[in-house]
Amino acid sequence: MTDRITLVLNGSPVALPPDTSPTTTLLDWLRGPAGLCGTKEGCAEGDCGACTVVLEGPDGGRAPVNACLVLLGQVHGCAVRTVEGLRGPDGAPHPVQRALAEADATQCGFCTPGIAMAAWAHAREGGSVHEALAGNLCRCTGYRPIIEAFAGLEDDGAAPPSLPPVGGATFAAGGQVFHRPASLAELLALRAAHPEALLLAGGTDLGLLVSEGRQRPPAVIHLATVPELGAIAADAGGITLGAAVPYARLLPLLDGSLAPLAGLLARLGSRQIRALGTVGGNLGTASPIGDMLPPLLVLGATLRIASVRGERESGVEDVLLGYRKTTLAPDEVIVSIRLPRPPDGAVLACEKLSRRHDQDISAVGGAFLLRVAGGRVAEARLAFGGLGPMAARARHAEAMLTGALLAPACFADAAEELAQDVAPLSDWRGSAAYRLAAAQGLLRRLYWRVAKPGLPAEVHAL
Amino acid sequence: MGAALRHDSALKHATGEARFLDDLPEPPGLLHAALALSPVAHGRLAPLDPAPARAVPGVVAVLLPGDIPGRNDIAAAGTNEVMLADGLVEHAGQPLAVVVGTTRDAALAGAAALRPEIAPLPPVLCIEEAIAREAWVLPPQAITRGDPCAALAAAPRRLSGEFRAGGQEHFYLEGQIALAVPGEDGEMAVQSSTQHPTEVQHLVARVLGCDHNRVTVTTRRMGGAFGGKESNASWVAACAALAARRTGRPVKLRLPRRVDIAATGKRHPFLYRWTAGFDATGRILALDAIMAADAGHSLDLTGGVIFRAITHALGPCDVPALSVRALACKTNTVSNTAFRGFGGPQGALLIEDVVHRVARAAGLPPEQVRERNFAGGGNGSETPYGQPLEGDLIRRVWAEARADADWDARRAEVAAFNAQHPYLRRGLGSMVLAFGISFGQMHMNQAGALVHVYADGSIRLNHGGTEMGQGLFIKVAQVVASVFGVDVARIAITATSTAEVPNTAPTAASTGSDLNGWAAHAAASAIRARMAEVAAEDWGVAPAEVEFAEDMVRAGGNRAMSFGELAKLATMKRVSLSATGFYRTPDIHWDRAAMRGRPFFYVSYGAAVAEVAVDTLTGEHRCLGAWLVQDCGRSLNPAVDLGQVEGAFIQGLGWLTCEELWWDAEGRLRTLGPATYKIPGSRDVPPVLKVRLLEGAPARSETIFRSKAVGEPPLLLATAVWNALKDAIGTDRLDAPATPERVLMAIRDR
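Keeping their order, the protein sequence lines are chains G and R. For the first sequence, position 438 matches number 438 in the UniProt record's numbering, and the numbering has no gaps at all. For the second sequence, position 670 matches number 670 in the UniProt record's numbering, and the numbering has no gaps at all.
For reference, chain G alone in the conformation it holds in the complex (with noise of 0.2 Å):
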């Protein structure tokens, strides 16, 4: 017996029929049985934003996802939003419709479907022009048009579609399996039964398998239905969150000390990457250029990790074990991750070097915690992802700062000892010798955000 995928679909509700694959992408329905080809491929791999559509919450909210990365599992009970659905009754393009093609800024127009949705939900959540746009590349107008149509964008006032909730579901079809279990004991006693089956935690790593890859995962087990796993709560010592909360929701409360971190946030992936990533699936997959790995290092953040078996804490070092691998057993899921907040007095600092300023992976990520007194460096914790097969603190440089005076030739003293912490390795991203000098740079630079906190410290600070 299998449940049937439904969904709300600009606006009107939909039932698919049952012998549905629940991992067919939402793209590949979009533009195959729901017959709606604004929606455009341009990469399958989450990074173009030609295929962007907006799911819309309850409250209002409006949420752009890739829908290449999206499975029609994931949007059970979600109202999902395509340029179709964005004409008014009459049939008029729509404000925002209206505002790129006057500002000229169309012009090969296969990336613009997907741009309007973006500007669609960037009207009502506001922000960034070019946080909003970071999701989306355009090939042909270099952008300015596009840029000064997202400034002047309007909220349209539409309400929020009304979504009945959803509760657990299983959805068989083809072979394949699609849990969505509705509590914590379901949880782990399907990943008991399920050692094998794919966590799908937001989707933006197991999305591409299928996207890309074109593979048919046999069963998949939905996190984000686990009350546990979509909490999130802020208290004056840090956050606890669910291991299946996504970016987007996490950003809002980095604020104090802790934001630093958001500024990191803000460049990793996209809003729509945001809206569906998550820190544990970060930390589950254990990919060493994962940008969270190097600031959850120095601000010791601890998991909770639970299985049939009972429930472990662990820090997140603990847990890291090298390239993709963790200490989780196969039965194991993280359930939530506590992130504690900088000791008074301590500075963060979280760096992020790549060729491109937004959305793309890291060459090298940094994250710096300082606690400085007396014009000296009291406590150094220093952690670097990107470089080698894992993110891991570089204990011979924070040897090398602890104690030291807060002078540049301290921080190059120590970044000059990072050799001895790192082998980075070479690839696309980079050589290793780059990437050995770039992350000595981030040290150096450290001093300066640290002594002279006025001086603007990086390019896009100008």
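FYI, nobody ran anything at the bench for these hints, they're computed from the structure. It is possible that part of the hints are untrue.
Stretches of chain R that chain G covers, calculated by requiring three or more beta carbons in the stretch to come under 8 Å of a beta carbon on chain G [stated by the list, open to error]: (1) 7-20; (2) 103-116; (3) 172-182; (4) 657-666; (5) 678-685.
Here's a subset of chain R near chain G, in silico, CB distances under 7 Å, partners left out [said to hold, decoys possible]: (6) Gly-469; (7) Pro-674; (8) Glu-741.
Backbone N, C-alpha and C define an ideal beta-carbon position, used for all residues, glycine too.
Place chain R on chain G using the hints.
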């Protein structure tokens, strides 16, 4: 004429109504094709066993070289470039087989199931090795003037340099795609996302072994092309047509992005080596240079690319004695192809590097050295191959860009910033371009159009140009509207089709509106002349007195009827309201043996200033401001032309600063998608971007309404950013793309 009309499809783009090829309703019985690609760069290929693909459910055919009824040859120029590798594999990503399935997934799975047996041969993976082996895809080309050896020896100072510029992936947002539908009597109807429907027609016919008249190719619009859908679209369509012929059913071939990037050509990477002689004033007296282009494994369009590179190697400058040799290196990489600028941008980097180095050596600002060497005004005003340059326009665009940027004040501001910041450095750079307009292949400078006026006065326009987003269709429609004196809304824009206008040139080399504008003008003028005679006869006036304006036809003060009424009258009087138009560019010639002539109908000019900031600790950099002045003659459509200038500039910025193609040691390209190949995003657009079309400068040649081409030239303006980066970090050499890595390493090598 000259109105800033919006792109005809703009609103349809924004509503998702504009149909691209993959959006068209699928014909009944449609099959899907996928390509199997070589995993190795060079080797002997054993006959491929199709069984593993056939075993995949849904696979209906596996097509190998032996299944090709015509010739296994997709050469755009010359002959013998195979469509499917036959016995020899020459690059990783080379197509080996076409697998056809009932679904696209079945075809892709079938292609992935094939296990090619390839006995590896040593690959040539870099330009240096190709030079050492003298491995060329065609003989070197050279332009010489005077006696460069003697001039170098006599020059007060000499300097040598070497640098390189990387290739560039087109990254059109719509990947390569074609749909082939077999018909009666061996007909093949092909829908193709192509800049060159005629070449698609020719290659499909060649591969199928049929006459051109069996093949009809239609293109409504492309989701971007940039040169990447000139020759490459043809073989994609030919693969689809082969599958359609072999299965007897319609076949669609849409390349996944990774396959598209692996299997289709890119902008040619270049390696430069030069020696220059100069004096203390910065006057360059002699230049001896080699520009080596990485052609990839086959000729494709490399001949044209290196021709444009050597004819543009001096930019707007004059050097009295020189030898510039262009090498077309054969390597075991994908065959490089047309990309906006077509060798022109690579050529222009040569003189820019020489100017930069001479300036540093002479202790002069590079801008002063460039000015000192501008063509005209005491220096020679003709290129070494005989093309006249307009020194006054060169000086004008530069003066205007410099003024727009408030150069002197900005220079002082940059210096003040650099004096106080511990590690961020600002820099200023400039660029002046001179870009020749016309195809280097003389025979390509032709175009046709077909115009019908219907009895209600509505007009149907068709021409050989294709719409890739550049706004060609609206510009040509404006030309026709202006001939008939009607609103452009009266004109139906139609898909390009080899059945309507035959034997066309590609929409390339920036010539789209020049060529098709005149051809459509000719067709419309022929009809207008007939209509004028009808009106004249009806009114008893001379045809010359009949005027067409504001949707009306008038003579004298009191004769008037609507354009529609006259159309109706003409049909009643049995006058044809349909005409073809033809145009060939006048006054161009080229002597291939002497490497001299006037290959370009005219030259476009432009200038730019850019300001950058560099983090000397990390190599991160950013363009803070750009001021661009581009010569478009008397613009046909300033809104469209402005979009071309801005888009080209940002695309050039990508080529020179962030887009990097990365091959592993086995010669496999590893930047196969947007996750690893980074084109500019919105934040890469300088926060201050001031772009202007040069005013009051109608083309001096007899171009359509005295306009000038705009597609490619402004891409060269991004060179100002490269120059500004060198200014900021104060190094002799900075290879392109100037990624954060190259910038940081250049600083450390300083």
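Give me the numbers of the hints this structure contradicts, sorted from smallest to largest.
none
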